[in-house]
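Visitor: One line per chain: the protein sequences are A and B, in this order. Each residue of the first sequence is one higher than the one before, starting from 47 at the first, in our numbering. Each residue of the second sequence is one higher than the one before, starting from 47 at the first, in our numbering.
Honestly, I wouldn't trust all of these hints.
The list cannot tell twin chains apart, which means a pair is met if one copy fits it or any two copies do.
[Said to hold, decoys possible] Derived DSS-like pairs (lysine-lysine); straight-line CA-CA distance at most 27 Å:
id: 1; residue 1: Lys-431; residue 2: Lys-404
id: 2; residue 1: Lys-203; residue 2: Lys-193
id: 3; residue 1: Lys-516; residue 2: Lys-159
id: 4; residue 1: Lys-431; residue 2: Lys-450
id: 5; residue 1: Lys-176; residue 2: Lys-566
id: 6; residue 1: Lys-310; residue 2: Lys-54
id: 7; residue 1: Lys-566; residue 2: Lys-516
id: 8; residue 1: Lys-336; residue 2: Lys-431
id: 9; residue 1: Lys-341; residue 2: Lys-176
Hints were generated in silico from the structure; no laboratory data involved. Every value quoted in this text rests on a predicted model; they were computed, and no experiment measured them.
There are 2 protein chains.
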Amino acid sequence: METLQGMKRDHHCGALRKADVGTEVVLCGWVSRRRDHGGLIFVDMRDRSGFVQVVFDEAAMNEGTFHKAESLRNEFCIAVRGKVRARSEETINPNIETGEVEVVCAELRILNKAKTPPFYIQDDIDVDEKVRLKYRYLDLRRPEMQKNIILRHRVTKIMRDYFDRNGFLEIETPMLCKSTPEGARDFLVPSRVNPGEFYALPQSPQIFKQILQVAGFEKYFQIVRCFRDEDLRADRQPEFTQLDIEMSFISQEDILTMMEGMIKELFKKAIDRDIPVPFERMDWDTAMDKYGSDKPDLRFDMPLMDISEYVKGSSFKVFNSVIESGGMVKCIKVDGYADIPRRRLDELVKFVQIYGAKGLAWVQYTAEGIKSPFKKFYDDATFAKIAEATGAQTGDLLLVVADKRLVVDTALGQLRLEMGRERNLIDPDALRFLWVVDFPMYEWSDEENRWKAMHHPFTAPRDEDIQYLKSDPGRVKANAYDMVLNGVEIGGGSLRIYNAELQEQVFESLGLTPEQAHAKFGFMMDAFQYGTPPHGGLAFGLDRLVMLMAKRGSIRDVIAFPKNQSARDVMSDAPSEVDPKQLRELSIRTAVAKKKEASKA
Amino acid sequence: METLQGMKRDHHCGALRKADVGTEVVLCGWVSRRRDHGGLIFVDMRDRSGFVQVVFDEAAMNEGTFHKAESLRNEFCIAVRGKVRARSEETINPNIETGEVEVVCAELRILNKAKTPPFYIQDDIDVDEKVRLKYRYLDLRRPEMQKNIILRHRVTKIMRDYFDRNGFLEIETPMLCKSTPEGARDFLVPSRVNPGEFYALPQSPQIFKQILQVAGFEKYFQIVRCFRDEDLRADRQPEFTQLDIEMSFISQEDILTMMEGMIKELFKKAIDRDIPVPFERMDWDTAMDKYGSDKPDLRFDMPLMDISEYVKGSSFKVFNSVIESGGMVKCIKVDGYADIPRRRLDELVKFVQIYGAKGLAWVQYTAEGIKSPFKKFYDDATFAKIAEATGAQTGDLLLVVADKRLVVDTALGQLRLEMGRERNLIDPDALRFLWVVDFPMYEWSDEENRWKAMHHPFTAPRDEDIQYLKSDPGRVKANAYDMVLNGVEIGGGSLRIYNAELQEQVFESLGLTPEQAHAKFGFMMDAFQYGTPPHGGLAFGLDRLVMLMAKRGSIRDVIAFPKNQSARDVMSDAPSEVDPKQLRELSIRTAVAKKKEASKA
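Input sequences plus hints: build the corresponding full structure.
Guide: In structure tokens form, the structure reads like this:
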């Protein structure tokens, strides 16, 4: 193995162009592919910037160097000194950016050898993700992964530039925090200095960013790691990154406008997409009623439609009993899908059952007439009225759910998405942004038999709804808003309560006694006694946002070192057992070891 | 309490100038001080930008508003609509930037009231830090704290701009890592999903940043939180922030030059100071020999000088026995301090004993002749020779220590700093940067009776010293470097080993068996099998750097929410006891609770 001593890289592989022909260059990088051709060896040499072809010509170089070139294998780390020359017309490769040139090697150094990698270092490989994660240092060499990580860097840089320019301060908040079990499960960190006590890793810097408003910083942001010890799903990680924002002396409209500006700049600069502003705004009631979702995907329409008034009062018991008990009958119209196979309809019945619906009905407007399981309960005029109300024409399909409002909306909302995908109604290049506003302050938890905060307990109710906090919590709307992109919630926030009495009232409505509230958030309520400004903010999930921008299916593809579905880093093998001495110093024991000891006894 | 509804802040208090006279403005902020003067009320109104005087004139405004103004107290949060007017000549206040103008209030809203704060919201308060930390939201309102946090934001922004412009990528590394006990103590995080196993919070992203080089990212940086569970000192926090850097295909000189460029830009843009580059470079041997420190403060000179050759072979046993057993006699010269009081000399004897020296001797070159405890053992010619060698003149003082080299250097190095302060030799405005290079690879641990890595086990030895790795580890110098500012180490790093066999050799020299090395760093040694590039980097302590730039004495003044000396956040009261259910879910118990239960039984 050789060193770089006396050689200084002065060009990047992927940057060489026809204009560089004749230039002597020093390149550093990796052997991506080697082909031998008589007395010629061709190496695709790769660095962060891309590829270039390097030629070793036996006839034109000293024997030692050519022999060295013959020993090259994939992923050897090399340095090359050579001259850029134009490729002949017939050897130009239009598929790569450097395809018009090649570098004729004069000097080669092998900086490091490489074993044969467990998978090819190229895009679109079909390899178990387990293997990719174990050899993450090789996986990350693949051009598509390099692009993702570079995009992520660009995204955070553009965000920071934007917020800095708009007078925001990036202020770091602690990672070793107080555990306030509310919402998700905390990760805990035992304190050695304070035996028996624990820090919690932050689920978000919510309290600290509000405290920073009390402290008068007025405009705060941070790109910050957060932690939630929840069971993992495809798009969840135990640690994730958040763009966190808080502002003082502002209206909700000020916040939304500031964030639209950020998104516009971000998408333009990072991926050259023009995003029109302002975004559409839709209140939560409308979103649920019309799209059956608080994060509607507006890349296609297919709204939910209420047909209760047309089907009520008939001899069809299913619809009647639902309507009489306060429920409703709604449908979606799937254009040109009247010929849906019966088998598919049966699958869709099961599909809506996942979301709590007891069943699914349908109307097929075919050339041969109406086909529907409830055809016999209604006359033709009814079906004509339904067709008129929904706009259904011959060839169209209505999918109908009857149940309580929330069940109908949820099931049909999901069915709408399923049909959108199935009927290819979604433009994969479309970027449809939306603000969903006027969220309910509370949602009822059947499980805990109490009202819970839909956002979090610091969210401010609308002024006009404060009167219902006690008498009718379900009626109270909050000054809360979510940013939605293509049916994915990418950010959300609210105006905050800044009045200590109102905060106490809200804690009370959530079932917290003043003592409990004080034990958890006492210092915050204290802070509210000293001239807290009106403030509000929001947070974006950075991983998910970058994933959408990079058009990837998993946030693991935009995180350098993600955990797997068991919250494990399979490369470094974390978590792991630790030295008992470490646990003794922390004054803790594992209950697992206990069990083992017990079974021994 | 009132809202901002219908009012939109359009100016900042501290930004108003004579050019704004006549403008109607809306301000938001806090009452910093109120003075009543007949029918006039003057309020110093404060926001993040500074102060401005607001005038409430009973004669010129409606009664309600004036009454409201009469209710204002310190730290009330208010909004004011009014007109800027020039102050009369005799009321101009040249001490504040807005001192030429004032705002005549037309409309006042009290957004929030405030209790009397526990301390004044102003600079240079004399308040127990405990109280400041408990009411951090008020402490942070003080202009000097606002300035510190704003400076910190500027510093990280400038760093990010610099590294981005120079082709570095900011890449996030995990917070939930593997525990590899080596160096400081880890903070542990129990895993719920993997009972009995633990994550560790990173002491630094060292391994990940090297893995990112293996992965081909070439230029990495990150401003990142790190954790060390050590006992706290004035300038230590259990969590701290690091500017972390790693580069591939570079020489040591490339790295130093890149960092000098960063510092130059940072100091110019953040605090308008011109820093000359390149910095002075001093090898570790010279630093220790000449200044008795691996982080010499070059704001004053006063080098350590070896006088062994002049004092050896006399009848003075103390010096003789030291020299004969391989030790040395060195001194520093304190100009014009020959008249040092005897009491002070006695204190200095105790001072050097803290650093392991058995005693201190001295030579006072006074107008009345030599005064020295060892005068009787030497003739005048010897003292003349010493004077000639050290440059001592009448009126100067030599402070002399005889011992083993390391003890002499350490004790005199500290004494040098003490004298520098005592004799006012240090220009508080000076910024003296320095690279200390060629650190030893190992240092001997008497405690553990083995060689330990002076930097960390991934540091590359100098090529020419590899031959001594086994035979004479103490002789091996590393490609390691520290950046020193005014005697404080602000950054340090090294070129890394990138060859698996050499890495194994170094682990072996540190007393790790191949099995132990593999258990801890196996994935890294695996990674080294796949074409690892030559690489190196360094890390800066951000808190300390900002502290020096802000001229503060404690890093707690540049961290928004620091822990106290017991690793406690006294504002939110973390760490704290947690719900036993949380511990059960994590399969751990506290040994503390166990004890309590045991004592009950």
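Visitor: Evaluate Lys-310 and Lys-54 at a C-alpha cut-off of 27 Å and name the case that applies: within, between, both or neither.
Guide: Cα proximity of Lys-310 and Lys-54: across copies only (24 Å, versus 40 Å in one copy).
Visitor: Given identical chains, is Lys-176 near Lys-566, meaning Cα to Cα at most 27 Å, within a copy, between copies, both, or neither?
Guide: Intra 41 Å, inter 21 Å, cutoff 27 Å: inter-copy only.
Visitor: Measure nothing new, just compare the shortest in-copy and cross-copy C-alpha distances for Lys-566 and Lys-516 to 27 Å and report within, between, both or neither.
Guide: within (22 Å within a copy, 58 Å between copies)
Visitor: At most 27 Å between CA atoms: does that hold for Lys-336 and Lys-431 within a copy, between copies, both, or neither?
Guide: Within. Shortest intra-copy distance 20 Å satisfies the 27 Å Cα cut-off; inter-copy 98 Å does not.
Visitor: Checking an output row: Lys-516 and Lys-159, CA cutoff 27 Å. Within, between, both or neither?
Guide: Close across copies (25 Å), not inside one copy (72 Å); limit 27 Å.
Visitor: Is it within a copy, between copies, both, or neither that the alpha carbon of Lys-431 lies no farther than 27 Å from that of Lys-450?
Guide: within (23 Å within a copy, 104 Å between copies)
Visitor: I want to check one pair: Lys-203 and Lys-193. Are their C-alpha atoms no more than 27 Å apart within a copy, between two copies, both, or neither?
Guide: both (15 Å within a copy, 24 Å between copies)
Visitor: Using 27 Å as the alpha-carbon threshold, which applies to Lys-341 and Lys-176: within, between, both, or neither?
Guide: neither (32 Å within a copy, 46 Å between copies)
Visitor: When no copy is named, should Lys-431 and Lys-404 be tagged within, between, both, or neither for a Cα gap of at most 27 Å?
Guide: Answer is within; shortest intra-copy Cα gap is 25 Å, inter-copy 105 Å.
Consistency note: the structure conflicts with earlier hint 9 alone.
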